[in-house]
Each structure stands twice: as structure tokens, then as C-alpha cells.
Amino acid sequence: RKEVEQDPGPFNVPEGATVAFNCTYSNSASQSFFWYRQDCRKEPKLLMSVYSSGNEDGRFTAQLNRASQYISLLIRDSKLSDSATYLCVVNDYGGSQGNLIFGKGTKLSVKP
Amino acid sequence: EAGVAQSPRYKIIEKRQSVAFWCNPISGHATLYWYQQILGQGPKLLIQFQNNGVVDDSQLPKDRFSAERLKGVDSTLKIQPAKLEDSAVYLCASSQTSVGTYEQYFGPGTRLTVT
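Going down the list, the sequences are from chains E and Z.
Reading the first sequence from the start, the letters are residues 1093 to 1204 in my numbering.
Reading the second sequence from the start, the letters are residues 10 to 124 in my numbering.
Just chain E, with the same shape it has in the complex:
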């Protein structure tokens, strides 16, 4: 089955820092990409979809490089509330109707 690899972390950063997460995927046929956020002992929630041209949502910027099969997430001006695990997610287009393949996640801890 296709794989999604992420920096394992943890990333420990001070408030206000900029932090970047990287992710690579193995299925070149993948068409849809996402970042999900998972708080401790909670369910994953969609943070943002990732589009080919890159996209930004407030302090969060996602980039996609199809040639390198690489996805990134940049968080600017980190807040304490950003502390969570960030899951890179790829549509397994090789499977039936596009199942989502989750990376293991990168844990972020923002300190005061």
C-alpha cells in the first residue's frame, strides 16, 4: 500500500516562532492532499486542503510539489493553541474511490 512519510518531531518552539512541517508521498497518482490536526486524545479535524498552486489560510500556508511528491505546512506566529499533532493526508487514488492515507503525524508543542 502507498505510504505517507512525515517528520516525526516533536517540534518544540516558542510562541511567535515560524515552524514548517514536511511530508512526502509515494503514490504519484494521488490527486488530493490535506493537513489534518489532532489534539491530544481527540479526533482528527481537517485543517486545510492543499492545492497545486499553494494556499494560505491566515497564519497557515500549505505548498504542494507534485514533481518531488512533497507537501509542506508553514505556521507563522505560533500560538499556544497550535500545540497538536499535524497529520499529512493523501488521497490514495490507486485505491477504490480515493481512500485517505494518513502519515504518522508531527507533534508540535508551542511554549510560552
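No lab work stands behind these hints: they were computed from the structure.
Quick reminder that beta carbons are idealized off the backbone N, C-alpha and C, glycines included.
Going by beta-carbon spacing under 8 Å, a handful of chain E positions derived as facing chain Z:
{"no.": "1", "residue": "E1135"}
{"no.": "2", "residue": "P1136"}
{"no.": "3", "residue": "L1138"}
{"no.": "4", "residue": "L1179"}
{"no.": "5", "residue": "G1195"}
{"no.": "6", "residue": "G1197"}
Straight line, CA to CA, 25 Å or less: simulated DMTMM-like cross-link-like pairs of lysine to aspartate or glutamate:
{"no.": "7", "chain 1": "E", "residue 1": "K1196", "chain 2": "E", "residue 2": "D1174"}
{"no.": "8", "chain 1": "E", "residue 1": "K1137", "chain 2": "Z", "residue 2": "D65"}
{"no.": "9", "chain 1": "E", "residue 1": "K1137", "chain 2": "Z", "residue 2": "D95"}
Add chain Z to chain E, keeping to what the hints say.
Same frame as chain E, but now just chain Z:
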């Protein structure tokens, strides 16, 4: 809008016992998923339903796991008999569709401990 409901939230059983989990998706969502999330890992898809039909169960250990969605709404996932390595959080998710860019909404999960 009500979210995905799951029960029970926690379950502790001994190995070789059986256990069942229940999920009620968001109203109107045709696609339902069961995931297994082992500590320190991302969720792994076990089975995907489209209405009441199975779309993908390639990663479901069928010798011990079974799932059904008889009326195309709520679903149950069963493990019989359980093994120690089944200790995990079982997440149910639903989406309106499963084609293109879509969001999966997750329930709170059932935390299973097998002793």
C-alpha cells in the same frame, strides 16, 4: 449540525473476548469509514462503506474483524476474538462523497484496551 456519534467511548476487555463498536454518521453522509489508530501512528483505514455497500475492506483482518451498515446509516464494527495488538482507538468518519476533494468528519473514537 450533529457530528459523528460513537459508542462506547472506552472499552476494556480480555484477549479472546469479543467487542462491538457503534457509529452514527452525520445525517445525509453516504460514505462511512472505520479507522484504527494505534498510539503514535496515524489512522489506518479498515473499511469504507458507500451507503450500505462495502467499497474497500482490503485492510480489514477478516478472520477476526467484521463490519456492517445494513440500512446505509449507522454501522457496527466487531472484533472476535480480540488480541492484545487490537488495543487502539477506533475512529468512525463520514463524508458526503468520496470523490475528489472532500472532508471526512471524525467521531470522538472508541478507545479499546485488550488485556
